[in-house]
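*Asks:* Sequence:
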Amino acid sequence: MAMELNVEVAAIKAIVMQESQGHPFLENGLPPILYERRHFFELVAKKRAKVEQSPSGLKRKGSGNKQSQHQNPYPDFPDLCFPHGDNYGPDGLHQYEKLVRAANLDLEISLMACSWGGFQILGEYYSSGCATIFEFVNKFISGTDGQAEIFIAFMKNMKPDGVKGLQARNWEKVADSYSGSIWRTKNPDYASNLAKYYDQFK
Numbered sequence: 005m006a007m008e009l010n011v012e013v014a015a016i017k018a019i020v021m022q023e024s025q026g027h028p029f030l031e032n033g034l035p036p037i038l039y040e041r042r043h044f045f046e047l048v049a050k051k052r053a054k055v056e057q058s059p060s061g062l063k064r065k066g067s068g069n070k071q072s073q074h075q076n077p078y079p080d081f082p083d084l085c086f087p088h089g090d091n092y093g094p095d096g097l098h099q100y101e102k103l104v105r106a107a108n109l110d111l112e113i114s115l116m117a118c119s120w121g122g123f124q125i126l127g128e129y130y131s132s133g134c135a136t137i138f139e140f141v142n143k144f145i146s147g148t149d150g151q152a153e154i155f156i157a158f159m160k161n162m163k164p165d166g167v168k169g170l171q172a173r174n175w176e177k178v179a180d181s182y183s184g185s186i187w188r189t190k191n192p193d194y195a196s197n198l199a200k201y202y203d204q205f206k
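Residues 5 to 206 in this note's numbering are what the sequence shown lists, from first letter to last.
Take these hints with a grain of salt, some might be off.
DEER-style ranges, computed between Cβ atoms [stated by the list, open to error]:
# : residue 1 : residue 2 : range
1 : D90       : H27       : 18 to 28 angstroms
2 : L111      : S146      : 17 to 27 angstroms
3 : K168      : R188      : 15 to 25 angstroms
4 : A135      : A6        : 42 to 52 angstroms
5 : Q57       : L30       : 38 to 48 angstroms
6 : D203      : N76       : 41 to 51 angstroms
7 : P77       : N10       : 16 to 26 angstroms
8 : G33       : T189      : 31 to 41 angstroms
9 : A53       : K168      : 30 to 40 angstroms
Don't read these hints as lab results, they were simulated from the structure. Heads up, the beta-carbon is just placed ideally off N, CA and C, and yes, glycines get one too.
Construct the entire structure; sequences and hints are all you get.
*Replies:* Structure follows, in structure tokens:
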């Protein structure tokens with residue numbers, strides 16, 4: 005991975021430590037996941053809007069407007085589908101339990117709404133290196149090589165600024181690219197943690 009991205013091994017290890025505490029697999033062999041109900045909500049809303057706008061879609065009066073797009077499509081499952089706020093719950097198998105429940109609502113979107121593996125890459129970005137979300141998930145489950153392959157493609161195709169940040173050891177640039185600017189309020193230690201872990205492994 006370091007050779008492919010022209011970065012230091014310690015820089016990649018820093019990301020794994022920050023994202024998954026250095027554990028790309030759970031004790032039972034599954035990759036760690038984080039189910040994110042906000043992303044499930046957003047992806048379902050986009051899917052429904054796309055169907056409504058398609059020529060074959062049954063377009064009702066008022067469908068596709070902002071009000072309908074912001075209504076919760078699964079109001080009976082606020083822990084699985086909600087427009088804002090984090091309600092992750094415990095790590096480990098609890099996250100898979102949420103995924104299984106969400107899969108009963110929409111399988112593909114439930115997989116896309118999870119962050120996967122040691123690098124915690126959101127399934128929504130599966131197209132960075134895979135044809136389908138199922139290929140993406142299978143590679144994460146398959147082993148270390150699969151996770152490495154996805155990470156390289158993700159960084160090259162979707163996070164080039166993050167690669168530049170890793171090369172320059174500019175941890176704030178890495179954080180901005182990898183986690184979005186929200187890290188500054190949601191997780192203000194993100195960049196300093198990367199620097200700390202880098203120094204630890206260097």
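*Asks:* Now look at each hint and say whether the structure bears it out.
*Replies:* Quick rundown of the hints versus the structure:
1. Between D90 and H27 the Cβ separation comes to about 21 angstroms, which falls inside the hinted range of 18 to 28 angstroms.
2. A hinted range of 17 to 27 angstroms holds for the C-beta pair L111 and S146, which are about 19 angstroms apart.
3. Remark: the range hint 15 to 25 angstroms for K168 to R188 is upheld by a beta-carbon distance near 19 angstroms.
4. Between A135 and A6 the beta carbon distance is about 27 angstroms. The supplied range of 42 to 52 angstroms is therefore violated.
5. A C-beta distance of roughly 40 angstroms is found between Q57 and L30, which places it inside the suggested range of 38 to 48 angstroms.
6. A hinted range of 41 to 51 angstroms holds for the C-beta pair D203 and N76, which are about 44 angstroms apart.
7. At about 43 angstroms, the CB distance of P77 to N10 disagrees with the hint of 16 to 26 angstroms.
8. Range check, G33 to T189: Cβ separation about 35 angstroms, and the 31 to 41 angstroms hint holds.
9. Range check, A53 to K168: Cβ separation about 34 angstroms, and the 30 to 40 angstroms hint holds.
Figure legend: structure checked against the earlier numbered hints; hints not met, in rising order: 4 and 7.
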